[in-house]
Amino acid sequence: MPASDQPDGGSKSSRDAITLAPTDNVAVALRDLDGEVRVAAGTQIRSLRLISLIPMGHKFALCAIGCGKPIMKYGECIGVATVDIEQGEHVHVHNIKSMRGKPRGLG
Amino acid sequence: MNAMTFLGFPRAKGRAGIRNALLVLGINGLVAPSARRIARNLPGCYLVATPYGRGQLGLDKDMHTAQLVGLGSHPNAGATLIVGADRPTAESVADAIVARSDKEVAVLTLDDVHEDALLLAERSIRVGGALARSISARRRCPVSVSELFVGIECGHSDATSGIASNPLAGAVADRLVDCGASVVIGETLEWLGAEHVLARRAADATVSAGIVEAVEQRERSVAATGVDLLYNNPGYENVRGGLSSIEEKSLGAVAKAGSRPIRSVLRFAAPPACSGLHVMDGPGFSPESLTGFAAAGAQLMLFTTGAGNSFCSLLAPTIKISANRAAVQALIDQIDFDASALLDGEGPSELADRLLARVVDTASGTLTWGEVLAESDECFARFGGSF
Numbered sequence: 000m001p002a003s004d005q006p007d008g009g010s011k012s013s014r015d016a017i018t019l020a021p022t023d024n025v026a027v028a029l030r031d032l033d034g035e036v037r038v039a040a041g042t043q044i045r046s047l048r049l050i051s052l053i054p055m056g057h058k059f060a061l062c063a064i065g066c067g068k069p070i071m072k073y074g075e076c077i078g079v080a081t082v083d084i085e086q087g088e089h090v091h092v093h094n095i096k097s098m099r100g101k102p103r104g105l106g
Numbered sequence: 000m001n002a003m004t005f006l007g008f009p010r011a012k013g014r015a016g017i018r019n020a021l022l023v024l025g026i027n028g029l030v031a032p033s034a035r036r037i038a039r040n041l042p043g044c045y046l047v048a049t050p051y052g053r054g055q056l057g058l059d060k061d062m063h064t065a066q067l068v069g070l071g072s073h074p075n076a077g078a079t080l081i082v083g084a085d086r087p088t089a090e091s092v093a094d095a096i097v098a099r100s101d102k103e104v105a106v107l108t109l110d111d112v113h114e115d116a117l118l119l120a121e122r123s124i125r126v127g128g129a130l131a132r133s134i135s136a137r138r139r140c141p142v143s144v145s146e147l148f149v150g151i152e153c154g155h156s157d158a159t160s161g162i163a164s165n166p167l168a169g170a171v172a173d174r175l176v177d178c179g180a181s182v183v184i185g186e187t188l189e190w191l192g193a194e195h196v197l198a199r200r201a202a203d204a205t206v207s208a209g210i211v212e213a214v215e216q217r218e219r220s221v222a223a224t225g226v227d228l229l230y231n232n233p234g235y236e237n238v239r240g241g242l243s244s245i246e247e248k249s250l251g252a253v254a255k256a257g258s259r260p261i262r263s264v265l266r267f268a269a270p271p272a273c274s275g276l277h278v279m280d281g282p283g284f285s286p287e288s289l290t291g292f293a294a295a296g297a298q299l300m301l302f303t304t305g306a307g308n309s310f311c312s313l314l315a316p317t318i319k320i321s322a323n324r325a326a327v328q329a330l331i332d333q334i335d336f337d338a339s340a341l342l343d344g345e346g347p348s349e350l351a352d353r354l355l356a357r358v359v360d361t362a363s364g365t366l367t368w369g370e371v372l373a374e375s376d377e378c379f380a381r382f383g384g385s386f
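Chains as they are written, first to last, in numbering that gives the first Met the number 0: chain A, 0 to 106; chain B, 0 to 386.
What the simulated footprint calls covered on chain B by chain A, stretch by stretch (three residues with Cβ under 8 Å from a Cβ of chain A suffice, anywhere in the stretch; the number is not a length):
(1) 159–173
(2) 249–260
(3) 340–347
Hint data in this document are derived by calculation from the structure and do not stem from the laboratory. Glycine is no exception: its CB is placed at the ideal position from the N, C-alpha and C atoms.
Chain A extracted, bound-state conformation (with noise of 0.2 Å):
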């Protein structure tokens, strides 16, 4: 659960994470993190405690996904998780599989 939730002062270096729509239940590292991360979701700033290393770019969970269900970034389901994903948590290729099937024409 959130530590705490304050409102953003745009000063610099205020988040280590990022959502890019409200209903996202990942959030991007902005750097390489670890331990407490601080994400900012709209104008908002809540605290999140990892479970794992997480690399620049990469995403992880907001709460608990359960297997089976979306992943929801942009707004938008991008995959859906493979396992159940923990709060903090790393979610990427190891735990996610994309809904895109093949393109028709292809076997």
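Take the given structure of chain A and dock chain B to it, following the hints.
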């Protein structure tokens, strides 16, 4: 918002120009060397010379003509000097340019000089020189921002593109559309995986179907060559950078279009029939993609990059944007707009306002690095081989 203006050059027909140079337009590869010789002697002109122009049939020929007419009609050209091989083709292109833009056009061809390339150059320099002098009397005056048509492109994207610079470009696209201006994105295969999301934002069912069909058609063409677009896509570098699926990659790419309704799917190089946001069915290769936007009438481009991409449109001043701090610092005289503050905590809305102000500033005459360094070109897309 509605009162926002830039200082531009009103044109007889169509949108105002944000620049006012003579365009030397070589319409056949046979006279490209002559066009270059002419342009060398008219400093300050735009030179666009196709390497093609004969031995083309069907769609390939029609699209080549569409690009010539579109570029020849461009709002940033104060006048166009057409340099051609045979007079009938040159006059046909000239007529189409005049019909579309009422632009002042002069035509010189090898037919007029008994195939003497040196004489062609000499006559063209004199005629072009008179045109350049005449258009220099035009002055900038306040023009509504609604007359802007901005093309948005990405190239050499990295982990910062989908989370910072593309959403930033999209926020500016929204502001432009809300002012009554026009915006276009292209690179059809970059919609792959996000096409149903784009289709949902279409203004009507026809546009929606058109978006999906444009992607499917390109997929089929690629599959016919034996290539699987979804194999190793996202690729190794993408995955290392954090992209987990094709949906995520494409959503990051189309973020540069913003959130407003999509009014139409434009055929390559075709001008939009109304203002607002449009998507153009075209290649991902930036030189061709940008020429498609310019031929459609886009006066200015926003070009997001990650690690860097030097290419700019020749006719449309191109604002290069990156949120990759290292690239921005290393390429300080090639990247026009530093978006890395988004990663440090600057509010996205404030940064979008700043970029919009830069768009207006550029439209009003401030040069981009691409213009200062002439790091630019127009590249004619082919739709078939020569016969």
